[in-house]
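Number of protein chains: 2
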Amino acid sequence: MTQPQVPFDDRGLAYGDGVFETVLLREGKPVLWSYHLARLRRGCQRLGIPVPCQEALDATWQGIAETPLEVLKLIVTRGSGGRGYALPESPMPRLLSRRTPFVPATARWQKGVTVRLCRLRLGHQPALAGIKHLNRLENVLARGEWQSADIAEGLLADMHGELVEATSMNVFWQRQGRIYTPRLDKCGVAGTLRDALIEQGIVREATLPVAALPTLERLWVANSVQGVWPVITLVCHTGTQKQTWPLEPVDDFQVAAHRLLGYAAQ
Amino acid sequence: MTQPQVPFDDRGLAYGDGVFETVLLREGKPVLWSYHLARLRRGCQRLGIPVPCQEALDATWQGIAETPLEVLKLIVTRGSGGRGYALPESPMPRLLSRRTPFVPATARWQKGVTVRLCRLRLGHQPALAGIKHLNRLENVLARGEWQSADIAEGLLADMHGELVEATSMNVFWQRQGRIYTPRLDKCGVAGTLRDALIEQGIVREATLPVAALPTLERLWVANSVQGVWPVITLVCHTGTQKQTWPLEPVDDFQVAAHRLLGYAAQ
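Protein sequences, first through last, are from chains B and G.
Under our numbering, think of the first position of the first sequence as -17, with each following residue one higher.
Under our numbering, think of the first position of the second sequence as -17, with each following residue one higher.
Rather than coming from a laboratory, the hints here were simulated on the basis of the structure.
Beta carbons are placed, not taken as given, at the ideal position from N, Cα and C, and that holds for glycine.
Please note that the accuracy of each hint is not assured.
Stated by the list, open to error - Just the calculated beta-carbon pair ranges, DEER-fashion:
hint	chain 1	residue 1	chain 2	residue 2	range
1	B	Val237	G	Arg101	42 to 48 Å
2	G	Pro196	B	Thr(-16)	38 to 44 Å
3	G	Thr189	B	Thr189	49 to 55 Å
What the hints assert, rightly or not - Over the 12 Å line for every Cβ pair with chain G, so calculated as not near, a few chain B residues:
hint	residue
4	Trp15
5	Leu19
6	Gln44
7	Lys55
8	Glu71
9	Gly136
10	Cys169
11	Ile184
12	Thr189
13	Pro191
14	Ala194
15	Val232
As the list claims (entries may be wrong) - Which bits of chain G does chain B cover? Going by a derived footprint, with three or more residues having C-beta under 8 Å, they are:
hint	region
16	7 to 19
17	64 to 72
18	115 to 122
19	195 to 209
One chain only, chain B, in its complex shape (with noise of 0.2 Å):
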C-alpha cells in the first residue's frame, strides 16, 4: 500500500502546523465520530486553519473493511505556503489519511496494567491545550522514558505536580464512587472517549496533584481506539512500586465505556 506523502514545505512537517485523529473504524465505520469530527474542528478553528469539508473528511473512511477492526489516522496541515512562520494569505490545508488493522490489547482489559508516573512534566500552554495538534515532543520524550513491555502507560503531570493524562490515553479515577478526569485547559489532550463519557455525565473534571495518586479508590487509562485498561499497579520514575489496587470483579466504569466504543462487556 503507498502511503500519502508531503513535501518538504508542508507547514505540518515544518512547524507541526496541523491537527490529527485517531478513529477506531468498526467494520469499516467511524467509531464516536460525531466527536472526533468536533475536536478537529475545534482545533482547526483555534489554529486558524479551514475546516476540510464534511465529504472528504467522510471519504477517508467510506471504503471496504479488510478486518472487524481497523484504526483510521487523519492529519490536516495548513498546507503549504507563509515565508517562515507566517500564515499563508490563501490557505489550502492537506488532509491525509491512512487505515490500518487493529486488535485491541484485551488482556489488558481483564487483568489490568502497571502503569509509571512519568519524570517528564508538561508545560502549560492554554492556546494548544485539549486539541489534538502535531506538536507531541512531549508525548514522544515521556514515552521514551521507558521500554518495559511490563508497562502499559506512562502517567503525565504538569508544572505544577497536577494529573494531566498518560502519553496516549486520558487518565481517570474514582474518589468516593464518583468518577474524575483531569482538567485539559492549560495542557494535554481532550481524548473522545473523555469528551463522550464527560456528555453522558458518566465523568466530572477535576485536579488531582500526582502526590494522591496512592490514595485513590481505583484508577483506569482509556482512549477511544484502546478502550479502558485498570490500572493494578503504579510504579515511580525510579522503578519503585508506589500503590497496588485489586482488580474488581465488576468494572461498571469500563463497561459504560466499552458500551460507548462497541467492546462487548467482559
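Keeping the supplied structure of chain B fixed, place chain G upon it in accordance with the hints.
Coordinates of chain G only, in the frame set by chain B:
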C-alpha cells in the same frame, strides 16, 4: 525543482519529532556552519535521534550556488516507525534539505524596524528549550497575531512575563552600555548568531521582564540569515505605541554581528 517528500508515517510530520536548521549560504558556503552543526547535534541528542553523519550534512550545501546568497533549510526527523509515540528500536532518521535564493532586507538594517509585543505567552518546557525542534506552533500562533507589513517582528514573553525571543529571531538589548540577550533555559530557540555573539563575549545572558522594555537604551532583533535589525518602535498587541528609540549613526553591535555573517558594514 522537485521538493523532497516525507511519507505519512514520518515522525517529523506525525509528531514534529525532529529538528531543523536555517543556514545562510554565501557563494555556496554555509555561514556559522560549526554553530549550526553544534545546535543540530545538541537537538538530536536531546531528542535521542541519531545525528546524521558529517558527510551527509555537508552534502546538503555542496553544489553550485545559483545566487550569491541562499538559504539552506535542513530537516532531520526521527524517520518512520515505532508504535505510536514509542520510539523505533532502530531509528532511521531522515535528512532533508532545500536551498532557495535569498536577499536580505537591508533597508531594515539601515532604517530600523517596528516590533510588536505578542499576546501569546510561551510555555515553559526545559526539556525542549534552546533547541530548534519541529514543534513550532507557538511561533506560528504568535506570528499569526498581525498581518501589517509595517511590523517586522513580534516579541515573545514567557508565562512569567520575562522576555524570551522574537517569533523567528533572538532579541538583544543594551543597558548601561552592555549588551544582553534572554536566557533560554525554559523556552525559546538559541540562534546560532546569538551563540557566536555570546562565545565572542559581545553579549551575555540575562533576564528582563517585558515591563522593563521601555527603559532599555537600545533594542535589536537578529538572526543568522537576516542579520541585525535595530528596533526603533515598540507597539503593544493593541497597537498602542510603547516606546521609540532613535537610530544611532554608528551601530557597533550590528557591525560586530554582521562581521560574523559576512555582511559589509553599513
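Verification of the supplied hints:
A C-beta distance of roughly 45 Å is found between Val237 of chain B and Arg101 of chain G, which places it inside the suggested range of 42 to 48 Å. Judged by the Cβ atoms, the range 38 to 44 Å given for Pro196 of chain G and Thr(-16) of chain B is violated: they are separated by roughly 57 Å. One distance hint, 49 to 55 Å for the beta-carbon pair Thr189 of chain G and Thr189 of chain B, is violated here, with the actual separation near 30 Å. The non-interface label for Trp15 of chain B is consistent with chain G: the shortest C-beta to C-beta separation is roughly 21 Å, beyond 12 Å.
Look at Leu19 of chain B: its CB is around 20 Å from the nearest CB on chain G, clear of 12 Å, so calling it non-interface holds up. Non-interface status of Gln44 of chain B relative to chain G is upheld: no Cβ of that chain comes within 12 Å, the nearest being about 18 Å off. A Cβ of chain G approaches the Cβ of Lys55 of chain B within 12 Å, the least distance being about 8 Å, so the stated non-interface status is violated. For Glu71 of chain B, the condition that its CB be more than 12 Å from all CB atoms of chain G is violated, with the nearest at approximately 9 Å.
A beta-carbon of chain G comes within 12 Å of the beta-carbon of Gly136 of chain B; the shortest separation is about 9 Å. Not every CB of chain G is more than 12 Å from the CB of Cys169 of chain B (nearest about 8 Å), against its label as outside the interface. In this structure Ile184 of chain B is separated from chain G by more than 12 Å, as the shortest Cβ-Cβ distance comes to about 26 Å. Every beta carbon of chain G lies more than 12 Å from that of Thr189 of chain B, the smallest distance being close to 18 Å; the non-interface claim holds.
With a least beta-carbon separation of about 19 Å from chain G, Pro191 of chain B lies farther than 12 Å from that chain, consistent with its non-interface assignment. For Ala194 of chain B, the shortest C-beta to C-beta distance to chain G comes to about 23 Å, beyond the 12 Å cut-off, and the non-interface label holds. Every Cβ of chain G is farther than 12 Å from the Cβ of Val232 of chain B; the closest lies at roughly 30 Å, confirming the non-interface assignment. Beta-carbon proximity to chain B at under 8 Å applies to 0 residues in the region 7 to 19 of chain G; the threshold of 3 is not reached and the given coverage is violated.
Evaluation of the coverage hint for the region 64 to 72 of chain G: fulfilled, as 4 residues show C-beta separations to chain B shorter than 8 Å, against a requirement of three. Requiring three or more residues with a Cβ within less than 8 Å of a Cβ of chain B, the coverage given for the region 115 to 122 of chain G holds, as 8 such residues are present. With 0 residues having a beta carbon nearer than 8 Å to a beta carbon of chain B, the region 195 to 209 of chain G misses the requirement of three or more and the stated coverage is violated.
Hint compliance for this structure: hints 2, 3, 7, 8, 9, 10, 16, 19 are not met, and every other hint is.
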